[in-house]
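> What follows is each chain in one-letter form.
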Amino acid sequence: AQKVTQAQTEISVVEKEDVTLDCVYETRDTTYYLFWYKQPPSGELVFLIRRNSFDEQNEISGRYSWNFQKSTSSFNFTITASQVVDSAVYFCALSAWGGYQLIWGAGTKLIIKP
Amino acid sequence: DTGVSQDPRHKITKRGQNVTFRCDPISEHNRLYWYRQTLGQGPEFLTYFQNEAQLEKSRLLSDRFSAERPKGSFSTLEIQRTEQGDSAMYLCASSLAQDSGANVLTFGAGSRLTVL
Numbered sequence: 001a002q003k004v005t006q007a008q009t010e011i012s013v014v015e016k017e018d019v020t021l022d023c024v025y026e027t028r029d030t031t032y033y034l035f036w037y038k039q040p041p042s043g044e045l046v047f048l049i050r051r052n053s054f055d056e057q058n059e060i061s062g063r064y065s066w067n068f069q070k071s072t073s074s075f076n077f078t079i080t081a082s083q084v085v086d087s088a089v090y091f092c093a094l095s096a097w098g099g100y101q102l103i104w105g106a107g108t109k110l111i112i113k114p
Numbered sequence: 001d002t003g004v005s006q007d008p009r010h011k012i013t014k015r016g017q018n019v020t021f022r023c024d025p026i027s028e029h030n031r032l033y034w035y036r037q038t039l040g041q042g043p044e045f046l047t048y049f050q051n052e053a054q055l056e057k058s059r060l061l062s063d064r065f066s067a068e069r070p071k072g073s074f075s076t077l078e079i080q081r082t083e084q085g086d087s088a089m090y091l092c093a094s095s096l097a098q099d100s101g102a103n104v105l106t107f108g109a110g111s112r113l114t115v116l
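Taken in sequence, the protein lines are chains Z and W. Going by this note's numbering, the first sequence opens with residue 1, and the numbers climb by one from there. Going by this note's numbering, the second sequence opens with residue 1, and the numbers climb by one from there.
For the record, the hints were derived by calculation from the structure and aren't laboratory data. The reader is advised that the hints may include incorrect statements.
Some, not all, of what chain W presents toward chain Z, calculated at C-beta under 7 Å [said to hold, decoys possible]:
| no. | residue |
| --- | --- |
| 1 | Gln41 |
| 2 | Gly42 |
| 3 | Phe45 |
Pairs of lysine-lysine residues, derived as DSSO-like cross-links and limited to a Cα-Cα distance of at most 27 Å, are as follows [said to hold, decoys possible]:
| no. | chain 1 | residue 1 | chain 2 | residue 2 |
| --- | --- | --- | --- | --- |
| 4 | Z | Lys38 | W | Lys57 |
| 5 | W | Lys14 | W | Lys57 |
| 6 | Z | Lys113 | Z | Lys38 |
| 7 | Z | Lys109 | Z | Lys3 |
| 8 | Z | Lys38 | Z | Lys3 |
| 9 | W | Lys57 | Z | Lys3 |
| 10 | Z | Lys38 | Z | Lys109 |
| 11 | W | Lys11 | Z | Lys109 |
| 12 | W | Lys11 | W | Lys71 |
| 13 | Z | Lys38 | W | Lys11 |
| 14 | Z | Lys38 | Z | Lys70 |
| 15 | W | Lys71 | W | Lys57 |
Yeah, the Cβ is synthetic: ideal placement off N, Cα and C, and Gly gets one too.
For reference, chain Z alone in the conformation it holds in the complex:
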């Protein structure tokens, strides 16, 4: 069975601090996709990144970076120099290769204080 665990329910940091959101997944598949989505207070889920299981290279996009490690079944998300606008609930999700259904973690609520 597939499962995604986001152990951090809520994180609160002061603006400009770096913060890492953890994601641990379980799957028996050898090929799969991992995702991160952001859900701001407005409620609409916004896609951030998709990573396939073949590619363990870290990815950086501006202040965002992702660390994928198959050995520990983790796909962690780091925000550098956090800003108040980063405040949101962040979800990690998993999908089988060729699948259409996303399995979601429970989300991590990130609060950035000014």
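Please arrange chain W on chain Z, whose structure you already have, making use of the hints.
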């Protein structure tokens, strides 16, 4: 294109009543998904369409739930004889089919249902 639209945004109903939600996906997207999200949880898959065909329905979904996507455009999700446990945010998403699946989903703002 203005993205994925959902209507109504909020619905309050009494237990036992029927409700219907509508989703208008991005026009060129041939895949459409319905998810349900309760407070403090991630979205839960309900059903999925490719064009007009409903290809999968969650085993967790009771027979009171039905979804359609006539002509492969907009979709409706109907809940019959609503129960208080149906209170949730109902999310619609759409995507383009890709060979490897696991599409990037574009979500609507959701329809929040409150059953009294």
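> Starting from the hint list further up, note which numbers the structure goes against and sort them upward.
none
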